[in-house]
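Chemist: Start from chain S and add chains D, G, E, Z and Y according to the hints.
Chains as they are written, first to last, in the working numbering: chain S, 1 to 239; chain D, 1 to 239; chain G, 1 to 239; chain E, 1 to 239; chain Z, 1 to 239; chain Y, 1 to 239.
In short, the hints are calculated from the structure, not lab data.
Here the structure is a predicted model, which is why all the values come from computation and not from measurement.
Treat the hints loosely; a few may be bogus.
Given that identical chains are not distinguished, each listed pair holds provided it fits within a single copy or across any two copies.
Unchecked claim - Simulated crosslink set (DSS-like; lysine-lysine; CA at most 30 Å straight-line):
#: 1; residue 1: 23; residue 2: 152
#: 2; residue 1: 75; residue 2: 143
#: 3; residue 1: 80; residue 2: 16
#: 4; residue 1: 82; residue 2: 16
#: 5; residue 1: 223; residue 2: 82
#: 6; residue 1: 230; residue 2: 23
#: 7; residue 1: 230; residue 2: 82
#: 8; residue 1: 16; residue 2: 75
#: 9; residue 1: 230; residue 2: 75
#: 10; residue 1: 16; residue 2: 152
#: 11; residue 1: 80; residue 2: 230
There are 6 protein chains.
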Amino acid sequence: MERLDGRRWNELRSVKITTDFIKFAEGSCLIECGDTKVLCAASVEERIPPHVPFGTGWVTAEYSMLPRANRERSKRDVAKLKLSPRSAEIQRLVGRSLRAAVDMELLGERTITVDCDVLQGDGGTRTASVTGGFIALALACRKLVEEGTIAKMPIRGFVSGVSAGIVDEQPMLDLCYAEDSNAMVDLNCIMNDLGEIIELQGTGEGRAYTVDEQRTLVELCTKGNRELQKIQREVLGVL
Amino acid sequence: MERLDGRRWNELRSVKITTDFIKFAEGSCLIECGDTKVLCAASVEERIPPHVPFGTGWVTAEYSMLPRANRERSKRDVAKLKLSPRSAEIQRLVGRSLRAAVDMELLGERTITVDCDVLQGDGGTRTASVTGGFIALALACRKLVEEGTIAKMPIRGFVSGVSAGIVDEQPMLDLCYAEDSNAMVDLNCIMNDLGEIIELQGTGEGRAYTVDEQRTLVELCTKGNRELQKIQREVLGVL
Amino acid sequence: MERLDGRRWNELRSVKITTDFIKFAEGSCLIECGDTKVLCAASVEERIPPHVPFGTGWVTAEYSMLPRANRERSKRDVAKLKLSPRSAEIQRLVGRSLRAAVDMELLGERTITVDCDVLQGDGGTRTASVTGGFIALALACRKLVEEGTIAKMPIRGFVSGVSAGIVDEQPMLDLCYAEDSNAMVDLNCIMNDLGEIIELQGTGEGRAYTVDEQRTLVELCTKGNRELQKIQREVLGVL
Amino acid sequence: MERLDGRRWNELRSVKITTDFIKFAEGSCLIECGDTKVLCAASVEERIPPHVPFGTGWVTAEYSMLPRANRERSKRDVAKLKLSPRSAEIQRLVGRSLRAAVDMELLGERTITVDCDVLQGDGGTRTASVTGGFIALALACRKLVEEGTIAKMPIRGFVSGVSAGIVDEQPMLDLCYAEDSNAMVDLNCIMNDLGEIIELQGTGEGRAYTVDEQRTLVELCTKGNRELQKIQREVLGVL
Amino acid sequence: MERLDGRRWNELRSVKITTDFIKFAEGSCLIECGDTKVLCAASVEERIPPHVPFGTGWVTAEYSMLPRANRERSKRDVAKLKLSPRSAEIQRLVGRSLRAAVDMELLGERTITVDCDVLQGDGGTRTASVTGGFIALALACRKLVEEGTIAKMPIRGFVSGVSAGIVDEQPMLDLCYAEDSNAMVDLNCIMNDLGEIIELQGTGEGRAYTVDEQRTLVELCTKGNRELQKIQREVLGVL
Amino acid sequence: MERLDGRRWNELRSVKITTDFIKFAEGSCLIECGDTKVLCAASVEERIPPHVPFGTGWVTAEYSMLPRANRERSKRDVAKLKLSPRSAEIQRLVGRSLRAAVDMELLGERTITVDCDVLQGDGGTRTASVTGGFIALALACRKLVEEGTIAKMPIRGFVSGVSAGIVDEQPMLDLCYAEDSNAMVDLNCIMNDLGEIIELQGTGEGRAYTVDEQRTLVELCTKGNRELQKIQREVLGVL
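Extracted from the complex, chain S is given alone in its bound form:
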C-alpha cells in the first residue's frame, strides 16, 4: 500500500533541523518534518518557580500555533483570552518530556523555557516540538557550559518523539495531516536513546484498539525515534 506522499508504511518524513534560527535565544532551531515547521527556542532565566527545590533547576515548555499555520486561519489565543485547551495539553506533554532529558542538579538553580511555535502544521507538531525542543534545550545547555556557568552538560541522553497510527487498518509511522485525519488510532511516543518510553499517549479516535495493535505501534515508534535521534546526534555531535 502506497502512502499519500509515496513513503513506505514504516518510513519517517524527511527531517531538516536548522540550528540557531533565531539569534537571541540561548539555543534555537527550526525543525521541519515534512511540511510541519516548528520554531523551537530555549531561554535561560536565573530563577526557579516556587515548587522547585533549592539548588536544582527546572525545564518548562510553551506551545502555540501561529494563526495561519493551518489550512484555515484560527484566532489567536489572546483574542479568545484563553490558552487553547489543545495547546495546554501539548505543552504539558512537551515540558514533561524535556524535563526527563535533564539532570536538574547539574543544571542548578535556573529555568530553561522552551518555546515551540508552529509556523506551519501538517501533522505531528507535538512530537516535532519534542524533537526540535530537545535540540534547542541542548544548545542552551552547551552555551551554559561554554560560558562556564555550569560545570558539566546536564543532558542525560537524547530524547525525541514521533507518532504512529492505524489508517485503513494499516499501521503507519509519522502521520501527516491527511493521514492523521483519517486515522482510527493515533499514538504519540516520546523515547530516550535506550529505547525506553518517557511519554506515551494513545487514542482510539475512530475505534478502540487491541493491546497487540498497540505493541505494533510502539515498535514503529521505536524505529522512528531511533532514526530521529541519529539525526539529532548529527546535528549536536556528542552531548
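Modeler: Only chains D, G, E, Z and Y this time, still in chain S's reference frame:
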C-alpha cells in the same frame, strides 16, 4: 510488599457509586474510589456545536477540582481567569473517552455534557471521572430512551478507566495520592468491555520505562477495568 | 393555605448537616435544606491579606454553583472568564456574615476561607451557605484550639441565615425555588443567637412592600433562625 | 451631638442635580450629595435581552468608580480583568431598584441602560446612583414619549435611595465617608413615593443590631427619601 | 468656506478648563473643547515601576471613554475583558507626551498617573487629554512643591495638543466629530512652548497626502498649540 | 560618522524577502531587514465585519512578537490575558497602512487579515510589518485574481514603511535596535509609490524636535521607501 492501605499490588480500592446524587441532571452519580470522590452529572441540550455533522450528536466533558478537594486549598480557576492547564488536559481525555462509548447517530442532534467535579481528590481523579462519567452518561441516555426522545440506547458498551504505576520498582494497580507522589511511572488506561484500549497515557515521571514494563502495567489496567465494569454493570444492569 | 411541599407558612424545610463531608478541609459539612445542598469547606492559611491589622485574623467566603446544580445547566464562570455578578453579591454577604461570628484577635494572624459550593440549588442557597458555612468555620476553629494553635475558641456565638417572602399575599418562611420564583417580596436575614440582625436584604421583586410587611418577615426569620441555631447547637455542642 | 459637617442627626447632605450633563444620552444628570458626585446616563436601545418576554422592556444598570474618585487611586477594573465584586453587588441593587420604577409593558420592547459613574466618592454612592439614576431614566422615558416612540410615560412613581447608620451609638441619616468608616451599622434603603420599601440592605459592620434599631434606621430613611423625592419632583415636574 | 459651527478654517473651538474639578486627586481639571469634555486627574504615588532608574520619577497616563460619551452607547472595557485597542494607542500617546514635560530627576522617586476619562466625546479627545492632562499634572507638581515634598517645579514647559485635517480639500484646525468623520487626512500634533514637536501622528484616512500638505497641517497645529498654551498659562500662571 | 554596522547615515539595512514562506496562507513572506525578521501571512475569509458596507471588502492586521524574538524572553500575551498595548498600537498602524493600498470595491465582500509575527526583533519591526505585509497582501490578491474570484487586482499601488531618527544629533535612516535605544527622535513613515504619506508617527523620545528636523527625517524616509518599493517591485513584478 504491603501497600499503604493494606491492598495487594493488583487490587483496586473499594468503589462506591451512588446514582442520582443530584436530581436535576438527566443522569448523575457520586463515584468514590477509596478517598477520591467525584460528582459526575450529565446534561442533555438540544443543540450541537458547529463542527458536528447534522443529524448526529456530541458528547463533551468538563473537569474541575473544588478549591479544597486537596491537602492544600487551591485558587478557583475564575480567580486566575484561566482554566488550569491540568484540568484542560484531563477534560479532553474524559471527553474523548466518553465519546468512544456513544453511537452519535443513535444519539441524534443533541449534546450531552458530562461535568466531573472532584469533591475530594486522593489520586486517580481522571480515571474515576471516566468511570463515573460513563454512569452519568448512560443514565442520561436511558432517560432519553424512556422519554421516547430517542428510539434506542446509543451506548456501545461499557467504558471505564484506571491507573497503574511503578512505585519502589513494584508495579501497582490504582494508585492513591501518596503512592502516585512517589511513582516512577504512571499510566492511565481507558478501556472498553472487549478489553480494548480507548485512551492510554503513560508518563515516566521519575524515570523512563521499558516496553516490557508498559506491558505489565497495561495488563494490570486490563484487570482493573474488568472489575470496574463489573461494578458498572451491577449499577446499570443491561445497557 | 397549603404550601407546595405541605409545610405550614412559618415552617422551615427539613435541615440535615453532615459534618466532615470532605476530609482535607480543616472544617467541612454538607448542609441540606430541603432539596438545596451546599458543600461548605473552611480552609486555614497562615497569612492575612494586606488590609488586615497585624496580629489579627480574617475570614472570607467564596460561593459558586456547580454547572448542573439547577434545572438548566449553566456555563462555568471560568468559561465566561468572569465571576457571575450574582455569585459576587452572595459571597460578599456570606463573608460579612461569617466575619461577624469571629473574634479576629483570638483568631490571630491567619485567614479562614469558607468555600460554599452549591451541589444542588432549590432556593435559599445563600442563607444555607451562611448556616452551613458557620458550621465549617466553627469546626476549623475547634481544630485550631485542639491542635494548640490558638488558645481559645474565637467564635462569638451562633450565626445562621434564612429567607422569608410574600407569595400570593401570604408571608412564608424559607422559600423553595418554586415559591421564590413567584414571590412578590423576598427577604434574607442573617442573625446571631441574641436574635440580632447581622445582615438583612429585602427586595421587592414583584412589588414594593410596607414597613409593616417587613416587620412580619423579620419576625418569621427570627423564628427560623432560632430553629436553625438549635440544629447548629446539636451538631456542634457548646462552642 | 454635632456631626462632622455640622448637620443634625436626621438631616440629609445638600443635594444638587444638574440634568442633561452630557448631551448624547437620552437622559442624564450629575447628582451631587455633599461631596459625592455621580454621573448618571440613561441609554435607550431597541432590543431586549433573551430572558425578557416579547413585547415588554428591560431596565439595567452599570456602576463604576473612576480611578481617582477616592482618597487613594484604585486600579481600573479592566486592568484587573474583572468587575470589582463591590461594583457587581451595587449595580445589581441599582438595576433592581430602577426596574421597580418602570411599567415594562408601557416601555415596550426596548432596553434602558443606566450608567452610574462615580466621579467623586464620599459615602452613599450606591443610593446616590439610584436617586440620580431615576432622574436619568425618567428623562429618557420622557424623550421617548415626546418623540412619539411610546404613548405614555412608563414611570410608575418616584424612586430614591438613602443610607442611615449607627455611629457612636447614635442613629444618623445619610452618612458621609468619614461617618460610614466608623459606623457600627449601615443600612441602605430604596423607597417609592408611597413610603414603601423596594430594596433594603442592612449590615452590622461593627456589631449586630436589634430589630428596634432597624426600625429607627428605616424611619430615618423614610424621612430622607421623602425629602429626596421632593427634590426629584422639583427637577422633573409631574411624571 | 464656512464650517459646521461657523468657525474659520484656522480657528480653535472654545476651550474651558475648570481646575480642581474633583477634590481628592493631587491635581485635576475638566477640560472642554467645544462639546468634547475630558476629566483629567493626576495621582501621585510614592513608588516607581521596575524599569525606572532609582532616584528618578515616572509619569504615565490612562485613557477611557465613559460608555455613553458618544452618540451610541459602547460596552465597558471590563465587559469585554480587554482594553480597547484604540484606548491603548491613545494612552500611550498621552503618556509619552506628558513625560516630555517633566524633569524626572526633579520629580524624584515617585509616579504620577494622569487619568483621562472622556465624559463627552465630539472629536479631538486625545489632544484634549494631553492639554488637560498637562494642567492636572502641573497642579499635582505644584502641590508637591507647596507641601515641601520636592524642592522645585519639575515641569520643563507647557505641553499641549491639537488636531488638524483636510476636509473637502480644505485644511482645518481642531476638527469636531462631524468634520473628523469626513476628513481625508487627520493629523494630531503635540508641541512644547518652543513650538517644537513632541508627538506627531498623521493618518491618510481617505487618501494619502503630500509632504506639502503635511507642512500646512503642522503650521495650523503650531498656531493652535500656541493659543492653547496661552490658555494653559492663564489657568496656571507662571510654572 | 560611521554607524554601528558600517552603514552610511542615509542607507537602509539589507532587505531580503522570501515569498510563500508558509504554504497554507493565500499570501505570505518572510521579510528580513538586517536582523529583524517578520513572518507575514495574508488570509482571505469570505465575510466582512459588521461596520463594512455591503459589497465592499476589508483589510486588517494583527501583530505579535514571539516570546524570544528579543534579547530577553517576554511572556506571551495570553499568559497575561491581554494584548500588549504596544502590539495594539502597532497593529492598528499596520492595518490602516495596508487598507490604504486596497480598493475595497474591487476586493469585494471579503476580509484579508495580515498576520505579522516577529520571529526576531532588531528595531523597525512595525515598518517591516508594513513592507512585508504589503507583499503578503498583494500575493493573496493575485491568487484571488488567478482563481477568478475577483476580476482585477485591487491593489492601488506599492506601500512600504521605514523609520528615521536622530541619534547623537545625527539624522539616520532605518534605525537598528541599538540605534533606536539611543535615539532622541524617532519617526516612522508609511508611504505610497507617489511619495505621499499614508501614516506618519514622530516621537520626541529624548527631546522635542523642530519642524525643520522633521522635514529632514521625512526626506530620509522618502528615500528609504523609494528603495524598499524598488525591492517590492522586484519581488512582485507589475501589480
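Chemist: Evaluate each hint against the coordinates.
Modeler: For each hint, the structure was consulted:
no. : hint     : in the structure
1   : 23 - 152 : within (23 Å within a copy, 41 Å between copies)
2   : 75 - 143 : between (36 Å within a copy, 22 Å between copies)
3   : 80 - 16  : neither (33 Å within a copy, 34 Å between copies)
4   : 82 - 16  : neither (32 Å within a copy, 35 Å between copies)
5   : 223 - 82 : neither (37 Å within a copy, 39 Å between copies)
6   : 230 - 23 : both (25 Å within a copy, 28 Å between copies)
7   : 230 - 82 : neither (38 Å within a copy, 40 Å between copies)
8   : 16 - 75  : both (28 Å within a copy, 28 Å between copies)
9   : 230 - 75 : neither (37 Å within a copy, 34 Å between copies)
10  : 16 - 152 : within (28 Å within a copy, 39 Å between copies)
11  : 80 - 230 : neither (40 Å within a copy, 39 Å between copies)
Of the numbered hints given earlier, the model fails hints 3, 4, 5, 7, 9, 11; all others are met.
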